[in-house]
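**Q** Take a look at the letters that make up each chain.
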Amino acid sequence: MSENRPRLLDPHFVSKLARLDLTARLVVEGFLTGLHRSPYHGFSVEFAEHRQYMPGDPLRHLDWKVLAKSDRKYIKQYEEETNLRAMILVDTSASMGYGSHGITKLDYSRQLAAALAYLMLRQNDAVGMFAFAAGQGEQIPPRSTMGHVRPLLLLLERLTPGGTTNFAASLHSLAERMTRRGLVVILSDLLDEPDRIEQAIHHFRHRKHEVLVFHVLDPQEVSFNFEREAVYVDMESGERVTTRPQELRPDYRARVGEWRDRIRQYCIEKNAGYVPLTTDQPYDRALLEYLSKRARLL
Amino acid sequence: MPVFSFLNPAFLWALPAAAIPIVIHLLSRRRLPEVSFPTTQFLRDLEPQEIRRLRLREILLLILRTLAILLLVLAFARPSLTPHNTVAHSAAAVAILIDDSESMAALEEQARPRIEIAKERAAAILEAARPGDEISIATSTRPDANGAGHTTDRVRLKRALERVEATSLPAKMAAAILEARRALQRSRLQARELYVISDLQRANFAPEVRAEIAAAAGAGVRIYLVPLVQGRLPNHAFQDVDPQLRPGPEGRGLELRARLANHADAPSDRVAIRVRRGDALIGGGDITLRSDEVRWVSMPLDWRGAPDAAGSAGPVILESDQDALPADDRWYAALGAPRSLRVLRIAEARDGTPPPRFAALALDPGGDGTGGFTAETGTPASLLSLSRSRTDVVLLEDVASLSADAEAKLRTFLRDGGGLVVALGPHSDPDYYSAHLFQGLIDLALEGTEQAAEGAPFELKARIPGHDVLEGITVGVGSTLTQSRLTALIRGRVTSPRTEIVVQTTGGLPVVATAPGVGVFLSSFSDDWGDLPYSGAFVPLVRGLVSHAARASKTSSTGSLKVGEPPVARLLAAPGAAVLVRGPEGYASQAAIESEGTAYRGVADTPALRPGFYVFESGGKTLATVAVNVDPIESDLAPIQTDSLLMAPRGMGPAAAATAATAAPGPAPAGRIAVLSSANALATHLQDTRRGRELWVTFLLAAAIALALELAVGSARTLRT
Chain A
1 MSENRPRLLD PHFVSKLARL DLTARLVVEG FLTGLHRSPY HGFSVEFAEH
51 RQYMPGDPLR HLDWKVLAKS DRKYIKQYEE ETNLRAMILV DTSASMGYGS
101 HGITKLDYSR QLAAALAYLM LRQNDAVGMF AFAAGQGEQI PPRSTMGHVR
151 PLLLLLERLT PGGTTNFAAS LHSLAERMTR RGLVVILSDL LDEPDRIEQA
201 IHHFRHRKHE VLVFHVLDPQ EVSFNFEREA VYVDMESGER VTTRPQELRP
251 DYRARVGEWR DRIRQYCIEK NAGYVPLTTD QPYDRALLEY LSKRARLL
Chain B
299 MPVFSFLNPA FLWALPAAAI PIVIHLLSRR RLPEVSFPTT QFLRDLEPQE
349 IRRLRLREIL LLILRTLAIL LLVLAFARPS LTPHNTVAHS AAAVAILIDD
399 SESMAALEEQ ARPRIEIAKE RAAAILEAAR PGDEISIATS TRPDANGAGH
449 TTDRVRLKRA LERVEATSLP AKMAAAILEA RRALQRSRLQ ARELYVISDL
499 QRANFAPEVR AEIAAAAGAG VRIYLVPLVQ GRLPNHAFQD VDPQLRPGPE
549 GRGLELRARL ANHADAPSDR VAIRVRRGDA LIGGGDITLR SDEVRWVSMP
599 LDWRGAPDAA GSAGPVILES DQDALPADDR WYAALGAPRS LRVLRIAEAR
649 DGTPPPRFAA LALDPGGDGT GGFTAETGTP ASLLSLSRSR TDVVLLEDVA
699 SLSADAEAKL RTFLRDGGGL VVALGPHSDP DYYSAHLFQG LIDLALEGTE
749 QAAEGAPFEL KARIPGHDVL EGITVGVGST LTQSRLTALI RGRVTSPRTE
799 IVVQTTGGLP VVATAPGVGV FLSSFSDDWG DLPYSGAFVP LVRGLVSHAA
849 RASKTSSTGS LKVGEPPVAR LLAAPGAAVL VRGPEGYASQ AAIESEGTAY
899 RGVADTPALR PGFYVFESGG KTLATVAVNV DPIESDLAPI QTDSLLMAPR
949 GMGPAAAATA ATAAPGPAPA GRIAVLSSAN ALATHLQDTR RGRELWVTFL
999 LAAAIALALE LAVGSARTLR T
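Line by line, the protein sequences are chains A and B.
Heads up: the first sequence begins at 1 in my numbering, then just goes up one per residue.
Heads up: the second sequence begins at 299 in my numbering, then just goes up one per residue.
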């Protein structure tokens, strides 16, 4: 990331802003400002305005009538219209409540989900949301109006960590309910049995959904940079393991690496997107990944 | 079983400190912080392979830390191990035998006499004694005079030790060890130790001494040899002086002969000799000796004066440059009146031919006695009128045998102090000499004539260079004596160590054998059996034999008196009153008078303890002056190899064998004799046996090793991270 990256993309900064709607908007605007000329300015059937032709613009959008009349080249711009239906899945299990440096995985996921929703709605995509944990979930069906952002953000603000991650139960039921083909964005630490995660992804893919997995982890989960010997308590199962981090660190890192590689490999096989994230990383990477995925869908 | 104990048991109170690492470990475990973590799934997976290894390492570290503290505490408590074969736990009877012989006056490093070092060692033993130990101090020169009998009185023992000084006497090691053993066996204490503190002179440790050591060990006494020196100090020494003054070269002036030895592994420097008579310096000379060489040296004397009434020329003192042992660099000599040796040569004419005169010419070529010898020739019948007053030495030259009367006369002559030289030859009857004449004179058995092989005549080699028979011939051990050869000789066999073979053939057949007052040449003095009479060695050989016979005879024995023996003087007339003997350092003794042939013999009642002149007086009149000197055996400062003392010799001495037979049965001597060759070794031994072997160094090292291992295990863990 460049040093002049907007602060609005910095999770620490954003987490200090109280209002999710504001922060989501700020994130997206900041993200879009950082982009060059946007290739995502919509091209739809509803005319919006003219602008001067610039070399490289597709000739099919050239307004031939104006050219014939005035011998000037103008491009017709349209309000974008899309049929993309996206469902953002946010893991609210107890393990998502972990944060080693002031921001929990759930906070990070919440903010990222809000930004994604805002970005999607801004692009006239229909966005729904599903918060899941321990086989249960709260769902908001997708809509594409900007006014739909409010219930989404309200849901996100309500989320609290609790229960266990149960991919199989939660996601399978959702997959069954999603009748129209769309984009499924998963924000989770994926702390479940890898087989179950794979089954859930497979289920979505089987029903022709596009899947984009944001694998959100805390930096400590990856690096295990604890110093002292301590009793480590599993936030979901309550299991206690006494260990000495400096002794186990290399093996731990290797194990976590293997685990992430396995999921990544599966996602590649299933043509699903996989984005490993840690909560100290800026959001722009996630947003870029989303846009890249969307571009492939349209 | 070895006994383990602590010399500083108070430190054992600190043993609970070894629990500190365990306590810290337990406390740290109890206070472990709890950390919420999203999942312990990966930690749990690692548990079987990693955590168990960590636990093991943790336990290992805990053990090492605990062990280090434990060993440290034990080291401070001074652990001590007492071997089962020591006397640490029971009082012991301890005999300290200090060698106070003349050699103990030899100066070691920083000019310290050996006796001082010996006293230091003895003091260390006294110092280490525990209450109840019974200790005695004895000396090697006077075993019967026990310095301090077995006692527990330390003050008395220390005083006795202070009184010990190096004497001028030779060591009587066998007797001293025997006496010490008997004293120990009288003790009621069962643990018995004998410390022999000595320079362990090789000459003083004859097989009988080793047998006594073995006997004492066999009787249950633990013997500790405490040698004071490891190497041989070079030392030259007077060994003898010929009391008979001789005419000087070509009959001019007088000549004194002294025998010196160089007891060293290297040649000596030039040794200057001075001869003093009273305060006047009357002669001197110098000599350079090879390694271990013994040689006679002749010195011209500026002599004035007449023989005294006893036929003595007077006392002189010979001094040489002082070296390691000053006592043997001075020699006292009571010289006889200067005159020629009178030789009666007995030879037989055969077939009307007079006997060859080679020997007579060798002794007195001018016939006037100016060569130091007068030679008169006679037949065996001449012996019937033999008189000691007219003859000093009889030379039998190729005499077949003697009549009984002649032999009886000859024996009387020899008892009166005369000397005998026998030169055999083709006509000598070996059986007669072996069975008759040699009996009581020389232990030599003759076995018949031995002819040299054709073309391989006998070659003569010196077996004892420096022997007085060879004084006129410079020759080394095994060197050829002369270019001439012998074609035959009488085969002889020496039957006791008292008889010496001075010259032998290359094949080892004796040619010249000697005993005190007697010399035998086993070939011929004529040219019947070779060309010896024509060689340059013939004259000094004949003269050497005659001189030896004369010197070793009783008339000239005054020069060979040694300290430790009672002074003896030959008196020409019976004293009218009691005879008193006076000597150096206030020596005074009565003397017993014995008849000896035609003369008398005075023997002092008390042994001489110091070298010097001893004067026999009667009624205020001096009867005789004799010289007493240190025993030359003490001059060779070479120590014996201590290894040879650790085992019993093959043949035990008679005394040792007898005492060993009556001794209490005990374990085999092996292991009962030990050598403590340095002050440190003695100190360690005393520490081990009196207080046990201290192990604190071992424990400290073990603690250090435990700490080092702890560091290694700990750092291995750090490296892994």
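Hints listed in this document are in silico derivations from the structure and should not be mistaken for laboratory results.
Hints may be right or wrong, so weigh each one.
[Said to hold, decoys possible] Not the full set, but computed from the structure, chain B residues with beta-carbon under 8 Å of chain A:
#1 V333
#2 F335
#3 L341
#4 L344
#5 L352
#6 G518
#7 S699
#8 S701
Built from N, CA and C at the ideal position, the CB exists for glycine as well.
**Q** Does each hint fit the structure? Answer for all of them.
**A** Hints, verified against the model:
no.	hint	in the structure
1	V333	5 Å, holds
2	F335	5 Å, holds
3	L341	5 Å, holds
4	L344	5 Å, holds
5	L352	5 Å, holds
6	G518	64 Å, violated
7	S699	110 Å, violated
8	S701	116 Å, violated
Hint compliance for this structure: hints 6, 7, 8 are not met, and every other hint is.
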